Amino acid sequence: MNAMKNPRIIGTTAVILLLGLTPLAFAQENYAMRVITVGMCAAIAVYGLNIILGFTGQLNLAQGGFFGIGAYGVGLLTTDYDWSFWAAFVVSVIGTAVIGYLCGLIALRTKDEYFAIFTMAIGFIIFLVISRWEPVTHAHSGVNNVKFPEGGGLVDFESPVAMFYLVFAILLICVYTTYAIRRSSVGRTLLTIRTSEDLADAIGVRVGFSKQLAFAASAVFGGVGGGLYATVVGFIGPDAASIDKTFEFLMFILVGGMGTVAGPLLGSMIVTFLFELFQDFQAYRFIVLGPIIVALVIFAPRGIVGYLGGFVDKRSRRRRAEAARGADDDLDSTGASTSGGAGDHRARNLADGIESGAGRTGGTPSSEETK
Amino acid sequence: MNSVSRSRRRRLSAAAVLGAIALTATACGGGGGSGEGDTVVIGYTGPLSGGGAAYGENVKIGLEMAIDDLNADGVEVDGNPVTLELKSLDDKYAPSTAASNAQRLADQDKAPVVVSPNAGAIKAIQQINSGRSNFLVSAYTSDPAIVQADNPLTMMIPPNFESYAEEFSETAMEHGGKKLALLGTQSEYGQQWTKSIKDAWSEAGGKIGGDNSVDYATVSDFAGPVSKALSEKPDAIFVGGPSQPTALIMEEARKQGFKGSFLVMDQAKLDEMATVTKLDNLKNSVGVLPVSEYEDPGTEDFLKKFAEKAGEKKVPTSETALNYQGIAIIAKAMEAAGTTDDPEKIREAISEALPDVDDKYKVNGFPDEITEQGHLLNPNLEATFLNEDGKYTKVPIEQVSDEK
Amino acid sequence: MTLFIQQLFNGLALGGVYCLAAIGLTLVFGVLRIPNLAHGALYMLGAYITYFFLTTVGVPYIAAIGIAAIMLFIVGVGLERLVFHPLRNSPHTHHMIAAVGAMFFFQALAQAIWGADFRRMDTPITGELRILGAEISAQRIVIIVTAVIVLALLALFIKRSIHGQTIEAIEQDRVGASLVGINPSMVSMLTLGLSALLATIAAGLVAPINLLSPTMGDALNLKVFAIIILGGLGSLPGAIVGGFALAIAETMTATYISSAVGEAVAFIVLVAVLAIKPNGLFTKAVQR
Amino acid sequence: MTMLEIRDLGKRFGGLDAVKDVSLDVEEGQITAVIGPNGAGKSTLFNLVHGFYRPTAGTISFKGEDITHSSPHRTVAGGIARTFQTTNLFDDSTLLENVLAGRIVRSKSNVFDAVFHTPRHRRESRINEDKAMEALEFCGVAEHRHDLASNVPQEVQKRTAVAMALATEPELLLLDEPAGGIPEEETVDFGNLIRSLPQRGVSVLLVEHKMTMIMDLADTILVLDHGQKLALGAPAEIQTNPDVIRAYLGSTAQEEN
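Chains A, B, C and D, in that order, give the protein sequences.
Each residue of the first sequence is one higher than the one before, counting from 77 in my numbering.
Each residue of the second sequence is one higher than the one before, counting from 83 in my numbering.
Each residue of the third sequence is one higher than the one before, counting from 1410 in my numbering.
Each residue of the fourth sequence is one higher than the one before, counting from 6 in my numbering.
Take these hints with a grain of salt, some might be off.
[Claimed, not checked] Pairs of lysine-lysine residues, derived as DSBU-like cross-links and limited to a Cα-Cα distance of at most 35 Å, are as follows: (1) B:280 / B:360; (2) D:25 / A:187; (3) B:473 / B:427; (4) B:192 / B:473; (5) A:187 / D:136; (6) B:261 / B:391; (7) B:387 / B:360; (8) A:390 / D:136; (9) A:187 / D:113; (10) B:315 / B:341; (11) A:390 / D:113; (12) A:187 / A:390; (13) D:25 / C:1686; (14) B:169 / B:396; (15) B:174 / B:395; (16) A:187 / C:1686; (17) B:341 / B:192; (18) B:387 / B:289; (19) B:261 / B:315; (20) B:341 / B:387; (21) B:315 / B:387; (22) B:280 / A:187; (23) B:192 / B:260; (24) B:169 / B:192.
[Stated by the list, open to error] Distance windows between CB atoms, simulated: (25) D:122 / A:245: 15 to 25 Å; (26) B:478 / A:210: 30 to 40 Å; (27) D:61 / C:1414: 41 to 51 Å.
[Stated by the list, open to error] Only some residues are given here: those of chain C computed to face chain B with a beta carbon under 7 Å: (28) 1415; (29) 1419; (30) 1525; (31) 1531; (32) 1628; (33) 1664.
Since the hints were derived computationally from the structure, they do not count as laboratory data.
Only a predicted model underlies this, so the values are computations on that prediction, with no experimental measurement involved.
Cβ coordinates follow ideal geometry from the N, Cα and C atoms, glycine included.
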């Protein structure tokens, strides 16, 4: 269990280091810095999606809306109300958390497809409020001249490099939090829910409460990403909260790898890069990009990190499994042999009647209750 | 066994896909950036896909036509011949993407000028165009907020839309009556127009019903909104959004028995609307003058060239014509400034370049001055009233100040 | 009062539009549990192909719709084979994003072929009817009537025909269906083909009252999802009630409250209903 | 001492009584079995005890405390664990990870502990791992701990399910057909595992169809039919109870038709 030898950790660290060093190469390239910084803002929101979708398995389609709330919170507070960026940022994130928690209260009553479409409706309502509530949000006119973060005389965040490192630092916190969650009992709780809510219930997991927290946490990350996005781009319009943003995030997490630590970051960067790359095709870029998206989903369904991680895990697991079997040879060996079909040798006695009668009983409570 | 080979095949195909992407990436990355020093890139970011694609394409045609004509005539800056080259990027109408695109055009393609046809996008671009990056925004929007921002590197092409409201109101009242219904689109621009028309109409002593604005892009059936607007028994209706849906709304209103007059927002062009509905439905409307009704020295040739390029069926609009003019002005300003890579000097030189622009580029109300904030002003702005006989009569417009 | 009746008819017509668009989607979503976000794009493609045969080739209106419907059936089958079939064991997220990719592709393709400009499709069905002082065009009456007839036929098809029963069997019990020898792969193809075909009929009828553009399906997409979820997944009566109810709610709120609320009302109703009945209106109660 | 006390328990599903008027005492340190024909309400009874279903009548108390309406989370935290009829494991996790999931209910550390790597978090991680390993070893599947749940034989899966339940540190374990699907020759081994549970301080409530195994293991047997009590008593009494024999012969006859 030596962390230093785990290829996953090495890979993630390498990606982060590489990203952290990009300003060395591109400091003069405002365009590259901008695209990467905006991509990182999205990545933060994608880390939120990773908690609710990747870990907990709930397809939340309101993430674009939460991103928009964060963005508009910072945007409106720093302009119309002339707050400092930091105050606005903190308040927006708290606001997103509260709204996220409240939405979760109702949304999590629904399940599966209903949950997905329900959250899509929430996301769309958020978008409609932002794009129609003219007196407060300025609707389609957008919010102009969002403040830069105050550097307190130490840092000038108007510099793209400083801004890059601000977003980078917050992104790092997200990556680390994801890592910490994943290997803790909190992460285990969420993964348990993802695999089977009934089984989670059976081992005493507080399913509803945990989902609720995961939903709120994902909204918070969305708000953080949105708030940073507002200050990075300086002008925000209702498109910051649109359903397209949600699908963009989904694409990022899917390409990167759901439920992985490095996936959201890698996915965001790679898809952003692809989108920029194919800009030269202008209107026709989606004739190429559309099929690429489909192909990625089909051929790398667990995303790039999931795909690479699959190899690594398999190898190391096999090694560990073999080691465990070798070392424990003296312990027990009941599992070694499995011969014969399950029902071949039935004793012809009283019990037999019961057994054969039980051929197709529903097992888990859920399958019994849906009858 | 079978499943093993299947999963391996799958993994191989995944690797192939990833590999292909990586290859394309390097191939495209290597291909960029031509070496010739006498080529100047004019950047364009606009909606080339998605809901605004038609609009973005119209602008692009104007830019292409201008650049073709200018290159054929020859542009000479500081004694050297210069070739103009258009580089277009798609922003799907998203302001943040537009700003990224503009930054890319300025950084990678060294474009001194970037054209953008949407107010939100321009506002986002104005966050970055005069600071670390330096480039001139050729702004195709009639929203005066663009020039109110005091951005030193902005050139606003169309007239301020607020100029129209007063004259539109008076004309419509003359041909209709005092009661107005509002049925414009729910876009940024539509909302601003609605507000402006509301003010002008009340000032002229008219009455206004409820605001029935709907998003033209998402409404599946216009019958409902139209019925509601007509229930107030208006004498005139304000409509407007993209030409074709606007035409549909007017058709529906006529079908439901509306006899009064229409005030048509400048985004919709009466001649373009006539391609999707009968001219009868459009009569008794005040709107902007179709390009084909202009009598500028270059208009006729422009119409011919446009038909060659875009086909006889397509109606030339001011998006195309005004951007055609705009690029000609910029090219002349480059010549006057003697530089292709100093946006500040180019911007400064626009004023002196205006009178020198060749007549052939004057097609759609050519400006004779540029304000300090960067607004090109056409001295004889005219709108039109489409009368009962289906004839366009001109309505002179007095331009309002850009100040708030 | 006239206004109310007029808006009631307008709402019914709009409901017809929503129902027609929703039927195909509710089949796919209900039977295969695929949230096919590309449904709007299929609808768009159906409209353009109808337009092509009607205007460019010059075949009669009904025939144009028929030809386009058959072509779209093939497109639907192709979509199932190339996109959804390889993903049959993946979660929703994958289907959704793959469908978004397909949607992007179809939109770009339509723009490449027909351009970005709006197009108008003419219809031979002209004229208006006056009922109780309200005015309603013949085309809209055709839409309402077709919506009801198609839904009835579909219900019948599912009850009577072998294919239909197959679909229903799968809907009720996927594993069971494959055990009794029904080929789920065949059913998937059939269902997607059928949904594309139905989308084309909807598009052919609805397009004349609006405009054609590569993004014409977008506006419908979200609302149609709201409708079928509101009614309850896979429930045909649910789709009808959901479609008409939301359309009338939309028209009426736009008339008597404001157009902005009218636009949001579909989603507000959805949120409210699901908050109370988490499984939609027409799903059999699940006990716990 | 009576561990679990069920009194007049009832559950109606839309007019149908799945369980009706059932009373049962589960004694500490004993193995109590519930048998009955298919659809007799055995699983429903389990779900009621576990808190998965809310009873429509009657009460349940555990160690003298009323748990009639408590949620599964509270029931498990209170000391009742369960396994499912069909093996239920997290397929793409290793056995160790599976059993660690059983530790969730005993974990106190939260996200902040995880993020800041607090001593509490470290201490807990260590304890969790130790307890999980202990449970795996107790169930005899420790050697498979790094194998994926989906890759091990059925019997190992069943044992792991028990280990996962044990990891929650229960005082009462509800086993729903723990030996279902296990080859006959291995049920003896499996029976030994169950028999060893009371020595560990875990009382057992068991549903099982393998009669020989039940008769061998159980201290008390409750027979259910159509949701109601048919008989209650020691194995020997049950085997000779005429009602029970009739019920089972009936179901066998049906089976043969």
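Return the numbers of the hints above that this structure violates; sort them in rising order. Hints 3, 4, 6, 17, 18, 20, 21, 22, 23 and 31 are the ones this structure does not satisfy, whereas the remaining hints hold.
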